[in-house]
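Residue numbers (my numbering), protein chains in the order written: chain X, 1 to 459; chain R, 460 to 721.
Any given hint could turn out to be false.
Which residues of chain R face chain X? A partial, calculated answer using Cβ under 8 Å [what the hints assert, rightly or not]:
hint, residue
1, R466
2, P468
3, V499
4, I501
5, F704
Every beta carbon over 12 Å from chain X, so not counted as near; a handful from chain R, in silico [what the hints assert, rightly or not]:
hint, residue
6, E497
7, H535
8, R542
9, R543
10, V594
11, F596
12, P602
13, A617
14, G618
15, Q634
16, C657
17, T663
18, T678
19, P685
20, R688
Since the hints were derived computationally from the structure, they do not count as laboratory data.
Please read these numbers as outputs of a predicted model, since none were measured by experiment.
Where is the CB? At the ideal position from N, CA and C, for every residue including glycine.
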Amino acid sequence: MTHRGSRVLHVGSLSRVEGEGSLHLRIRGEEVAEARLAIFEPPRFFEAFLRGRSYTEPPDITSRICGICPVAYQLSACRAIEDACGVTVDGQLAALRRLMYCGEWIESHTLHVHLLHAPDFHGCANVVELARSRRADVERGLRLKQAGNAIIELLGGRAVHPVNVRLGGFHRVPSRSELRPLEEQLRRAREDAALTVRWVAGFDFPEAGCDHDLLALAEPDRYAVESGTPTVMPAPHTAGLPATSRRALPTRTFGVREFGDHVVERQVPHSTALHARLDGRRHLTGPLARYAISGRLLSPIALQAAQDAGLGDPRQGVVCRNPYRSIVVRAVEVLHAVDEALRLIDAYEPPPRPYVDVPPRAGTGHGATEAPRGLLHHRYTLDAEGTVTDAVLVPPTAQNQDAIEEDLRRTVQEHLRSGEPTDAELTALCERAVRNHDPCISCSTHFLDLTVDRAAHSD
Amino acid sequence: MNAEPRRRPRLAVWKFASCDGCQLTLLDCEDELLGLAEQVEIAHFLEASSASAPGPYDLSLVEGSVTTAQDVERVHHIRAVSRRLVTIGACATAGGVQALRNYADVAEFQAAVYARPDYVATLATSTPISAHVPVDFELRGCPVDRRQLLEVITAHLAGRRPAVPAHSVCFECKQRGTVCVTVAHGTPCLGPVTHAGCGAVCPTFGRGCYGCFGPSDSTNFPAFVPLLRRDGMDTLDVVRVLRTFNTAAPEFDAASRKELER
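Just chain X, same shape as in the assembly (with noise of 0.2 Å):
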């Protein structure tokens, strides 16, 4: 192959992702020099105009950081915000809470998965070209993300940064019977979600594997959602294992309030988003790090389906880091997310009180929460008026990002080495590359940078 000169590829704008990025592509003969996701979503400057702001704000102003995962961000500021103060909620209000978050997790996936990912595996461009060909699919899709953002039009006010959420709970708590109608929609969805594993299980994946760390949530006893310890699982090749390794690894973890000791961004010239390590080393959050962390703990009929759907048992110890196959773990978790919310209504008795008391006081909190596409870390610095003088907010795509360009990289080196793929279909390969990961980007472009890579920035 001696005509393999060297090449650069420039894909300007992302398509189906949520904010504007681009992607950059250096080759030399065979080997791939540099794979960039260049984020180029203008910074909005959140963490600096948070400061000066009553401890009250932060849930409504942050859910402006995502209109895809507003509940995400409400919650995590929530638990920051009650954690300097010294405030714990629990009991209905953490389960109603819990409800609001299923519904982004149904509505946020659904999204990906239908709208955005599947037309992937169908060489559509986009869902209106794949509703010619799979109309029912993308209508039961269309249904199930319905049911998503119906639960959280019923607790939150609208689907879209939801009103309802305050510290200390929320400012109207609904009465059972207002639940009611939820449980209908939510049956028909847990049939809709269970034919939606199915069908993206039949999809045809590539053979990958992934050998980042794996950092989630975890709770002892339940699948982590709105609250959990931070744990990570080693990559495969920490105990010599190839990339492609479905051995689950023993886990550590680490407080919430540590997650700044362990988790460190740093800024890169080509990107306004910050780039953050795990200890040093890239790490991936999300759906294939939840599953391979708690997968032995999804509702039984979300487990049946993983394994139905060729995920392996996370109950033997079997992981899946194929990153193509996140779509499937998406959908699996859109099945227990429905599940749970069913769980959830059965058991509601409307609390007392639709909020528990936030007294405000000089500190610091912090607040971790599962975002659909990965752990969200909010930190809050309090004076004893309750005005927030510092905030650094960690959102899952700054972490997955050294993960995205590694994906990246290695999806390429393989295709160079494999035959001599056109930039078209570079072009094509690494997009697929990046919406496995469902980056965030909007999300991802306003934090605070702790050290600075002072390496040389050459294009």
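Fit chain R to the given chain X structure using the hints.
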């Protein structure tokens, strides 16, 4: 009879600095999405489609505010290739929450967020689309309301003016039969000065409106602000509530400046 198939209007959706929530509202029209796609040709919508066709476009929906020099060029290009240009949401219509930088030293903001602010190109201001190019219609809201968004699109398809009321949120509370949170509970509420459109969602949940649809077409702040004070808000609280999601809307901006002068 014309044998030619009717040319479908060409729709484009664009994004500037924003959270993507208003574009998502279009994808949240689950019952209408596929039907809409039969009525229009979705020629450019990066969030939803990897196929993009060049202009001209019959209708451009623009989300997000202008915060970079490149954005300034891009918005002019979009105007040039669009027969009608409609802004969707508080960012595109009033600069969005990121317009809080307009009151600050943006270099200090950058230094607070980035260790190497020189890597990040940004303007000192976040401005609405109308500050740069003529806009045919502005749809309010953070986020926009799904029903209003569909009304704006279908009105365009029918060649009529969208039926989007310009009155305040108070009308919507009355229509819904929601008890006034200010009168009944002394809860501070921006409803009297805020543009209708959300369906008065906050008061329905027992909280005061926080103004996410921006100013209504007739506001009376000299009469309104004393109500907020009566219900326990101090100067800083009043400034904060006006300076949030529609801070660069002229009425909210002027009222907040007046507060600080007191």
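To see whether the hints hold, each was checked on the structure:
Nearest Cβ of chain X to the Cβ of R/R466: about 17 Å, over the 8 Å cut. The hint is violated. Interface hint status for R/P468: violated, as the beta-carbon distance to the closest one in chain X is roughly 15 Å, over 8 Å. For the restraint placing R/V499 at the interface with chain X, the shortest Cβ-Cβ distance is roughly 10 Å, beyond the 8 Å limit, so the hint is violated. At about 6 Å, the closest approach between the beta carbon of R/I501 and any beta carbon in chain X falls short of 8 Å, and the interface hint on this residue holds.
This hint holds: R/F704 has a C-beta 7 Å from the nearest C-beta of chain X, less than the 8 Å allowed. For R/E497, the condition that its CB be more than 12 Å from all CB atoms of chain X is violated, with the nearest at approximately 9 Å. Look at R/H535: its CB is around 17 Å from the nearest CB on chain X, clear of 12 Å, so calling it non-interface holds up. Every Cβ of chain X is farther than 12 Å from the Cβ of R/R542; the closest lies at roughly 22 Å, confirming the non-interface assignment.
Non-interface call for R/R543 relative to chain X: holds, since the shortest CB-CB distance, roughly 22 Å, exceeds 12 Å. Against chain X, the non-interface label of R/V594 holds: every CB pair exceeds 12 Å, the least being about 20 Å. No beta-carbon of chain X is positioned within 12 Å of the beta-carbon of R/F596; the least distance is around 20 Å. Once the 12 Å rule is applied to beta carbons, R/P602 is inconsistent with being away from chain X; the minimum gap is 4 Å.
No beta-carbon of chain X is positioned within 12 Å of the beta-carbon of R/A617; the least distance is around 21 Å. At roughly 24 Å from the closest C-beta of chain X, the C-beta of R/G618 stays outside 12 Å, upholding its exclusion from the interface. The Cβ of R/Q634 sits about 16 Å from the closest Cβ of chain X, beyond the 12 Å cut-off, so the non-interface label holds. Some Cβ of chain X comes within 12 Å of the Cβ of R/C657; the nearest lies about 7 Å off, and the non-interface call is violated.
Not every C-beta of chain X lies more than 12 Å from that of R/T663, the closest at about 7 Å, which undercuts listing it as non-interface. Even its closest Cβ contact with chain X, about 21 Å, leaves R/T678 beyond 12 Å, as expected for a residue assigned away from the interface. Taking the minimum C-beta to C-beta distance to chain X, about 21 Å, the non-interface status of R/P685 holds against the 12 Å cut. In this structure R/R688 is separated from chain X by more than 12 Å, as the shortest Cβ-Cβ distance comes to about 16 Å.
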